[in-house]
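Under this note's numbering, the first residue of the sequence shown is numbered 25, with each subsequent residue one higher.
Take these hints with a grain of salt, some might be off.
In silico SDA-like pairs for lysine to any residue, Cα to Cα no more than 20 Å straight-line [claimed, not checked]:
1. K112 <-> E130
2. K66 <-> I31
3. K107 <-> I84
4. K94 <-> N63
5. K107 <-> L33
6. K69 <-> F50
7. K127 <-> D105
8. K54 <-> G95
9. K66 <-> K28
10. K66 <-> G95
11. K91 <-> E62
Note that these hints are calculated values from the structure, not bench results.
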Amino acid sequence: MNKKYAILLISGLAIVAIAVAALLFFSTQKTTYYGYMENSTKAEKVVSEKTNKVTKDVKIENSKEFKPKKGDFVKLISNDDGKTFYKKEIVSHDDIPHGLMMKIHEMKM
25 MNKKYAILLI
35 SGLAIVAIAV
45 AALLFFSTQK
55 TTYYGYMENS
65 TKAEKVVSEK
75 TNKVTKDVKI
85 ENSKEFKPKK
95 GDFVKLISND
105 DGKTFYKKEI
115 VSHDDIPHGL
125 MMKIHEMKM
């Protein structure tokens with residue numbers, strides 16, 4: 025009888041732990057942005073992958089690993105709707121989805 029209760033208790037706790045881990049994992053919503061650098065600290069345009077919204081003149085802080093130049097394309101990841109970016113990288117033109125690139129270049133779709 026005690027073994028059954030122990031197995032049920034352990035199973036229940038495992039299910040609760042998995043549910044909490046999944047909740048924490050999915051609660052941190054991240055958004056990916058792509059942009060075109062006007063200079064080393066400001067993006068001329070940044071486009072949200074999720075909403076396709078274009079934001080102009082976005083200030084981006086450099087770091088040791090991230091030093092863009094004028095004309096570079098960048099991929100930025102934010103978890104606060106583009107106010108700050110916790111992951112930044114320089115990407116090639118071909119790495120940006122076609123629809124977003126059209127928005128960066130102001131082309132009609």
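Problem set entry | Violations among the numbered hints | 1, 2, 5, 6, 8, 9
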